[in-house]
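Below are the chains, spelled out letter by letter.
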Amino acid sequence: MFKVFRTPEFKKALSFYFEGIKENKKHFYISISSAVLWCFLVVLHPYIIKRVVDDGILTGNARIIVILLSSLIIIGYTRAISIGTRRYFGMSVSYSVEAGIRNNIFSHMQRLAFQYHDKVPTGELMARASSDASQVRLAYAIAPLASANLFLLFILSITLLSISLPLGSVVLLSIPGVLWVGAKFAEKAMVVSLRVKEAEATMTTEVEEQLGGIRVVKAFGNENFASDKVDSAIDNIYEKSLNYLNLRTKFVPIFELIPMIITLFVLVLGGYLSVNEFISLGDFIAFNQYVFLLMWPLRITAWFLSEIPGSISAANRILELLNEKPGIVNKKNLQKLPIDGNGTVKFDKVNFQYGNEKIFNDLSFSVEGKKTVAVVGSTGSGKSTLGYLIPRLYQIDSGKIEIDGVDINNLDLSELRNSVSLAFQESFLFSNTAKENIAIGLKDATQEEIENAANVARAHEFIAELPEAYETTVGERGYGLSGGQRQRVALARAILRNPRILILDDALSAVDASTEEEIRNELNSAMKDMTTLIITNRVPTIELCDEVIFIENGKVKAQGKHEDMIKNDEAYMNLFLEEERLKSTK
Amino acid sequence: MKERIFIRSYKLVPEIRNPLIRSSLIVLLGTGLRMVGPWLISKGVDEGVVKSDYSYVLQISFFYLITVVALYFVTSRAILAIGLVGETYVRQIREKLFRHLTSLDINYFEKNKTGVLVARLTSDMQSLNEFAREGASSVLTSILTIFAATIAVFFVDFQLSVVAFIILPLLGVATRIFRKHADTAYWAVREWIGQVLSSLQEGISGVRIIQAYGDESTQIDRFEDVNQSHLDANLKSAKNIAIYFPFIEITRVTSIATVIWFGAQRIFEGTLSIGELVALLFYLNYFFDPLIQLSFNYDLLRSAGSSMKKVFSILDEKPFLSEKGDSIPSINNEKIIEFKNVDFSYGRDLVLKDINFVINKGEKIAIVGETGAGKSTIAKLILRFYLANEGKVEFFETDASEVSQQWVRDNVAYVPQESFLFRGTIRENLIYSDPENINLEDELASIGVLSWFDRYENKLDQEVGERGGNISAGERQFVALLRAVLAKRQIIVFDEATANLDIESESSILEATDQLLSFQTSIVIAHRLETILNAEKIMVMEEGELVGFDSHDNLVKNNPTYKELFSAWNLVN
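Just so you know, the protein sequences line up as chains V and H, in that order. Under our numbering, the letters of the first sequence match residues 5 to 590, in that order. Under our numbering, the letters of the second sequence match residues 184 to 756, in that order.
Everything labelled a hint here was simulated from the structure, so no lab data went into it. Keep in mind that a hint or two might mislead.
Residues from chain H shown here face chain V by an in silico Cβ test under 10 Å; the list is partial [stated by the list, open to error]: (1) E198; (2) R200; (3) I224; (4) Y247; (5) T258; (6) Q402; (7) I431; (8) E432; (9) Y597; (10) F603; (11) S616.
Taking lysine to any residue pairs in the SDA-like style, the calculated list, with each CA pair at most 25 Å apart, reads [to be verified]: (12) H/K294 x V/E227; (13) H/K296 x V/N436; (14) H/K419 x V/S138; (15) H/K294 x V/K26; (16) H/K226 x V/P170; (17) H/K536 x H/E585; (18) V/K201 x H/K294; (19) H/K294 x V/F466; (20) V/K192 x H/L267; (21) H/K296 x V/L470; (22) H/K234 x V/P170; (23) V/K350 x V/S138; (24) H/K518 x H/L570; (25) V/K335 x V/L417; (26) V/K26 x H/K419; (27) V/K233 x H/E649; (28) V/K192 x H/E585; (29) V/K201 x H/E317.
Away from chain V, derived, C-beta distances all over 10 Å, residues of chain H [stated by the list, open to error]: (30) F292; (31) I349; (32) D366; (33) Y369; (34) Q394; (35) N516; (36) K518; (37) G574; (38) E580; (39) T608; (40) L633.
Beta carbons: idealized from backbone N, C-alpha and C, even for Gly.
Please work from the sequences and hints to get the whole structure.
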């Protein structure tokens, strides 16, 4: 149980915790000092009661009772305020730390490159920022309370010993035993509750699967079969939970009864001492009260010990994420793009490996400025990846990519990404207004510019018809747009920044045929001033382009005009035939 | 409103009534026993310590020991009993909820994301779970302890107990105010944590766009704003508790001081013993400590309540289609499916407009048309996932709205476009329709596809992984199709995959597909030339209308829409 304090994880987590405290110093100190104040005041309470009994009641002195009781009340009220203060400022520290962790995780994630996000599932990052952050928070919430209680334990020990050495020793000797029981319980509980968590995860998987396949389940009328499967997963949780429950029934009563057991000792031993007048009646009563006070520190210490391991591993998981170095960052000596550049793109012996798969092998080609070029290739040939490499969303392994003669590695990332717009195959909309979705990354775009871009993408018409036109919230939590409409918004987004280089990655796949035709015509004029790479295998789109780059096996197989290539290149023709056939049957 | 939720939650699982009463009785016994301790101590003080009678003290100590031992057993019984009630309750709710979900119409699943529904059964249940696991016993014990302590205080001395509790109305008022603020704060916190989580989710899933468009700083600002609001809401709720807590303490101290003052007077008069005063102080602690415990548990109780609200939001959804209709059509009839002037919409625009057609027994039908022409909707109506808005869909000349749901499930098999396989082996997936009775090897051999599975290391017992992810999309579709064929339904509806699949490995699947479909009346939403050419009749859809329904040869001559579709590949052939 105490092993955890000796692990390297604990050390790492500890410095992480201290950082959090440093950022909220003031509130932390207020909460700790009010906790310490509280300890002293708590210990005074039974002492006053002892004096009331010994000096007031037993001697029949009403005046001294009045004085003592007034101080009892004053001390009590101060104590009450100290509790409130400790609680508020303690919580404030813990919540602020939690919020800070979330902010850090969020902004750090935004800096990590595609390669990281491809590898780490969304759910995992969500867990870091939600449940793990909360678990770290818990440590801060309990820490002042636990340290105050440890301190209280210390003061109580001294007080008890000073009242009566033998009585105090008996009580104090029992404390390690209590903590041992608590630690034992926490240790066992962790194992058992892990089993419960596993059972819950199994059920989640089962439910996800059955609900994911609900159409199949219903189509075969197998609702009962599905329910039975889920039921057995639920029953499994129930069984595992009963193990936990059994553990609780053994240990929890002990905790509740500990003060009573100590009271029993006090009764036997204290009674003896009192009867033989080693201690006063007031001392005997105060002793009983002190024993009552012991209950909370012991419980909270046990609680703290049981929460620590979870919090430490959560902190370590968060640290691991925050220590992940962003793979793509600005270099030291940055160059600027030539102002009069026309958007020439050049790939020079580019090698790129993804995981274990070699995608590009000495890929070289160049595209003249202001040309419109189709990038064609079979599924998995890496044509989409090529689009990602130009704005440096992935880092190439070797070789060089140049825009207007400048190596993209030497460009400022924001300048590069402002000059290269990429419309993705899968159009993602944020739960923002249509306007904000189009003007993403361009805070100062005017309404007119936005509408123009939307017009080219043939999105203006339907956006104008939305309940609040450009101010309508779209996306996950907003107005539901169809796949084709979403793609058009995404296209407008790419066009709006009027980039030097525009890359369209199958960006019209969900748009219906006639609209696609319209968009193509609009684009034709819009694309005049920029270099455009269109990643597609659709013939009508290809025919629109000045040139085709055909990618096969990680290299440029051919570059030229579509009409020529379809005649001369058999592989190109075959690919094209298949595509054409599939498309026409849709 | 809150009360109603609790009563409804309780009524949902009536089985827990008796165990609940039984465990309450055990808890009550426990709290009763707990009250014995202070009484024994007061006796010990009065008769033993004050009178210097140590043997009496020992006697009392012995009784005290017995009480402690008894209390250990009663308390552990109580924790077990309440824990059992809680676990049973959560289990029952989960099982009920899932069963209810599966009974709902497909429509419900189209409207609600799977992820959200999964959350209803898992993460949304978390707080209910926590409450059942630890909160319930603590709340019940606290309430009963307060109750028992009140009685005990009155038992010791009536006059002093009135004095002790005279300040309580003040605490009552404070509690009322606290509850009101705590409720508001609670909802604010929940609202904002929801916002934080969805911003987070959006920031992660949209990270590629954000980076490609250099929008990082705007997104970070947005997130920090939402996060700040959540922090503010949390601090507000912390403030509520930080103000309420001292109130309990102040009441406690005031009450104790008053009792001691009046108690001292009574001791001077000789109408109260010191031991009784000590007992009173103990009982007052037993009264105030559970109050603190209860305010700790208040938020837990609230979130359990809102968990239940979400549970009810699903339970209140009523299945419509599965309960409507109980006719069993006679399958001797030739007209297997007929659409009569069918109009259909999912809500906004008409997706199907005045559709008329008849499909006879044994026919092989292909449906073609552009995306959004209404092909899948026809399939969904045939599956009776929906009913027509206008006009009639008939199975064997019986109106779909009168046909029993079960009959449709037993007679129409469906292969969706995204072939969904369950975790487990290929075998388990293939015999899905009737695990007990399908003799898989024989059936597969008789339709000549048994050897197809030799491609896998473990043949039919190959694990397919989650959602069939371990095998290729084409193979998945083949298994899904075979699964439907083995179900031996009258009609099979097959939505071909549109994904660009590896053509070579597909050809073997395609061949087998044709063979498989020849056994039944089949309706294929076709995306491949081969499939279309194999169909006997082709349904041509255009913008929700049926513009042609004939053989390939006739359509190619007479139907302009079809001609246009066909010319595309004719051109390249």
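Exercise for the section: Grab the minimum C-beta distance from H/R200 to chain V and call the hint holds if it beats 10 Å, violated otherwise. Expected result: violated, 19 Å
Handout entry: Status of the stated non-contact between H/E580 and chain V (beta carbon gap over 10 Å)
Key = holds, 22 Å
Practice task
Just double-check H/D366 for me: nearest Cβ-Cβ distance to chain V has to come out over 10 Å.
Solution key: Non-interface label on H/D366 holds, nearest chain V Cβ at 18 Å vs cutoff 10 Å.
Handout entry: Per-residue hint verdict: H/E432, partner chain V, C-beta under 10 Å
Key = holds, 4 Å
Exercise for the section: Starting from V/K201, check that the Cα of H/K294 is at most 25 Å away, please. Expected result: violated, 30 Å
Practice task
Measure nothing beyond the straight line between the CA atoms of V/K233 and H/E649; if it is 25 Å or shorter, mark the hint as holding.
Solution key: holds, 15 Å
Problem - Per-residue hint verdict: H/Q402, partner chain V, C-beta under 10 Å - result: Where the cut-off is 10 Å and the nearest Cβ of chain V is about 6 Å from H/Q402, the hint holds.
Practice task
Taking the shortest Cβ-to-Cβ distance between H/K518 and chain V, state whether it exceeds 10 Å.
Solution key: It holds; H/K518 is separated from chain V by about 22 Å at its closest Cβ, greater than 10 Å.
Handout entry: Hinted pair H/K226 and V/P170, Cα distance within 25 Å
Key = holds, 24 Å
Handout entry: Evaluation of the interface hint that places H/E198 against chain V, nearest CB under 10 Å
Key = Interface hint status for H/E198: violated (14 Å vs cutoff 10 Å).
Practice task
Could you grab the alpha-carbon distance between H/K294 and V/F466 and see if it respects the 25 Å cut-off?
Solution key: holds, 22 Å
Exercise for the section: Compare the distance between the alpha carbons of V/K192 and H/L267 with 25 Å, and conclude whether the hinted pair is satisfied. Expected result: Within the cut-off at roughly 20 Å; holds.
Hint compliance for this structure: hints 1, 2, 15, 18, 23, 28, 30 and 34 are not met, and every other hint is.
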